[in-house]
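Number of protein chains: 2
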Amino acid sequence: MEQMAEHTVRSYAEELRRLREMIARMGGLAERQVADAVASLVRRDTDLATEVVGRDAAIDALEREVENFCIRILALRQPVGQDLRLVIACLKISHGLERIGDYARNAAKRSIVLAQQPAIGSLNGFNRMAVLVQENLKGAIDALVNDDAARADEVWAADEPVDQVYNGIFREMLTFMMEDPRNITSATHLLFIAKNLERIGDHATNIAETVHYAVSGENLPDDRPKGDGSAYAVIRPPV
Amino acid sequence: MEQMAEHTVRSYAEELRRLREMIARMGGLAERQVADAVASLVRRDTDLATEVVGRDAAIDALEREVENFCIRILALRQPVGQDLRLVIACLKISHGLERIGDYARNAAKRSIVLAQQPAIGSLNGFNRMAVLVQENLKGAIDALVNDDAARADEVWAADEPVDQVYNGIFREMLTFMMEDPRNITSATHLLFIAKNLERIGDHATNIAETVHYAVSGENLPDDRPKGDGSAYAVIRPPV
Numbered sequence: 001m002e003q004m005a006e007h008t009v010r011s012y013a014e015e016l017r018r019l020r021e022m023i024a025r026m027g028g029l030a031e032r033q034v035a036d037a038v039a040s041l042v043r044r045d046t047d048l049a050t051e052v053v054g055r056d057a058a059i060d061a062l063e064r065e066v067e068n069f070c071i072r073i074l075a076l077r078q079p080v081g082q083d084l085r086l087v088i089a090c091l092k093i094s095h096g097l098e099r100i101g102d103y104a105r106n107a108a109k110r111s112i113v114l115a116q117q118p119a120i121g122s123l124n125g126f127n128r129m130a131v132l133v134q135e136n137l138k139g140a141i142d143a144l145v146n147d148d149a150a151r152a153d154e155v156w157a158a159d160e161p162v163d164q165v166y167n168g169i170f171r172e173m174l175t176f177m178m179e180d181p182r183n184i185t186s187a188t189h190l191l192f193i194a195k196n197l198e199r200i201g202d203h204a205t206n207i208a209e210t211v212h213y214a215v216s217g218e219n220l221p222d223d224r225p226k227g228d229g230s231a232y233a234v235i236r237p238p239v
Numbered sequence: 001m002e003q004m005a006e007h008t009v010r011s012y013a014e015e016l017r018r019l020r021e022m023i024a025r026m027g028g029l030a031e032r033q034v035a036d037a038v039a040s041l042v043r044r045d046t047d048l049a050t051e052v053v054g055r056d057a058a059i060d061a062l063e064r065e066v067e068n069f070c071i072r073i074l075a076l077r078q079p080v081g082q083d084l085r086l087v088i089a090c091l092k093i094s095h096g097l098e099r100i101g102d103y104a105r106n107a108a109k110r111s112i113v114l115a116q117q118p119a120i121g122s123l124n125g126f127n128r129m130a131v132l133v134q135e136n137l138k139g140a141i142d143a144l145v146n147d148d149a150a151r152a153d154e155v156w157a158a159d160e161p162v163d164q165v166y167n168g169i170f171r172e173m174l175t176f177m178m179e180d181p182r183n184i185t186s187a188t189h190l191l192f193i194a195k196n197l198e199r200i201g202d203h204a205t206n207i208a209e210t211v212h213y214a215v216s217g218e219n220l221p222d223d224r225p226k227g228d229g230s231a232y233a234v235i236r237p238p239v
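For the record, the sequence lines run as chains A and B. With full-length UniProt numbering applied, the first sequence covers 1 to 239. With full-length UniProt numbering applied, the second sequence covers 1 to 239.
Among the hints, a few may not be true.
Copies of the same chain are indistinguishable here, so a pair counts whether it falls within one copy or spans any two.
Claimed, not checked - In the DMTMM-like style, the derived pairs of lysine to aspartate or glutamate whose C-alpha atoms are separated by at most 20 Å in a straight line are:
id, residue 1, residue 2
1, Lys195, Glu160
2, Lys92, Asp142
3, Lys138, Asp163
4, Lys138, Glu209
5, Lys195, Glu135
6, Lys195, Asp47
7, Lys195, Asp163
8, Lys92, Asp228
Since the hints were derived computationally from the structure, they do not count as laboratory data.
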């Protein structure tokens with residue numbers, strides 16, 4: 001908020017533009033956290049993982065900044081209609097981005113443990129999930145910045161491949177555990193990292209839904225394409 | 001929103017009272033979902049689990065209702081100061097309660113699978129976690145309804161026991177997996193249920209934080225007592 005005192009805010013339109021910029025900055029940071037968390041896992045890079053853990057505070061601070069700015073706009077400008085929807089959307093989105101940051105931090109913490117354990121399996125699925133959720137996150141934020149409901153819809157419909165990769169990893173990890181009990185600690189942490197990435201994907205989808213509503217004033221249907229059936233999965237040990 | 005047309009809203013104060021009531025109702029539903037999800041797990045009660053899965057839509061609908069009502073209040077009443085903070089808090093809290101509902105639904109889905117698998121271990125830790133997170137959830141919502149910042153602070157500081165029970169379950173489940181590979185599917189689902197309960201506890205704490213801010217206008221400190229070190233845990237198989 002100190003920055004506001006420095007260069008006087010000229011107009012309401014400029015405040016709304018600035019709000020979008022704050023979300024874009026926060027989205028960029030969240031994307032980078034996801035990318036670096038998975039890179040630290042794949043490259044067994046404990047220094048990078050530690051950086052990710054430390055950088056999470058910047059996202060938390062941005063969330064508070066967005067919230068204070070939104071409350072200020074609501075109190076002083078008393079927006080209605082599409083402007084009001086935009087402010088509410090930014091509040092929700094900043095909260096979603098903060099959650100994404102938490103999941104990335106948790107993945108980074110687990111990468112630190114995993115770097116000290118023997119490697120198991122290929123981590124291609126993790127790279128794939130990271131690329132997919134980053135694309136969706138970027139798409140959702142771009143949709144907000146450009147008032148683009150159609151772009152938001154694309155992201156909203158694109159979460160299924162993320163769930164499919166997650167399901168593959170779930171089965172793979174349970175198989176590793178069954179093959180050798182020494183894999184259990186690592187496979188469990190990998191399973192939680194995959195779950196974190198799957199939830200990051202869900203949050204990106206929720207952000208797209210919020211953007212759609214902010215831009216168009218209409219809600220998307222309740223039944224989004226969903227591919228995660230892992231809550232019902234049963235894997236049997238080899239006989 | 002149809003109800004609004006029926007009995008005309010008399011005053012702004014009444015609207016804010018009604019908003020609190022909607023959150024209290026949503027909180028009650030979320031508490032019940034958590035209790036029933038864990039009861040269905042412990043009693044291996046697939047019918048109850050199926051009910052929990054089906055009831056989640058009611059929480060989702062309430063979230064949308066709260067959001068629409070908040071947007072209406074913001075547009076028509078243009079609140080400032082503590083009233084504005086209350087409206088923003090209710091938006092955030094309804095989102096948190098919706099997430100809690102999702103975690104309860106996910107736990108119920110896994111209970112359905114677990115009821116078809118051989119039982120492993122005692123599920124006392126799950127009961128304990130459910131009781132603790134329900135108490136915290138109830139405390140956080142009561143704090144909102146009664147404008148009670150001190151009650152919110154108590155909840156905010158009370159998440160550590162939840163994390164401790166979670167850590168115990170984490171270690172227990174990994175040990176079961178290592179003892180017998182036939183436990184791996186069940187232990188993995190139980191691990192995810194425990195994680196769901198831990199996250200529900202986190203959301204209750206976040207709600208308490210939001211209530212504290214709404215009531216007092218002050219933020220709680222960043223460093224909350226935290227007991228979950230499981231992201232760093234390494235469990236070794238018996239030699």
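A quick look at each hint next to the structure:
1. Taking the shortest alpha-carbon separations for lysine 195 and glutamate 160, only the intra-copy value of 14 Å comes in at or below 20 Å, while the best inter-copy value is 23 Å.
2. In this assembly of identical chains, lysine 92 and aspartate 142 lie within 20 Å of each other by CA distance solely inside one copy; the values are 16 Å within and 24 Å between copies.
3. When the C-alpha separation of lysine 138 and aspartate 163 is checked against a cutoff of 20 Å, the pair qualifies only within one copy, where the shortest distance is 18 Å, while the shortest distance between copies is 33 Å.
4. When the C-alpha separation of lysine 138 and glutamate 209 is checked against a cutoff of 20 Å, the pair qualifies only within one copy, where the shortest distance is 14 Å, while the shortest distance between copies is 30 Å.
5. With identical chains, the CA atoms of lysine 195 and glutamate 135 are at most 20 Å apart within one copy only, with a shortest distance of 18 Å there and 27 Å across copies.
6. Proximity of lysine 195 to aspartate 47 under the C-alpha cut-off of 20 Å is found in neither arrangement, the shortest distances being 23 Å within a copy and 27 Å between copies.
7. With identical chains, the CA atoms of lysine 195 and aspartate 163 are at most 20 Å apart both within one copy (10 Å) and between copies (19 Å).
8. For the homomeric pair lysine 92 and aspartate 228, neither the shortest alpha-carbon distance inside one copy (24 Å) nor that between copies (26 Å) is at most 20 Å.
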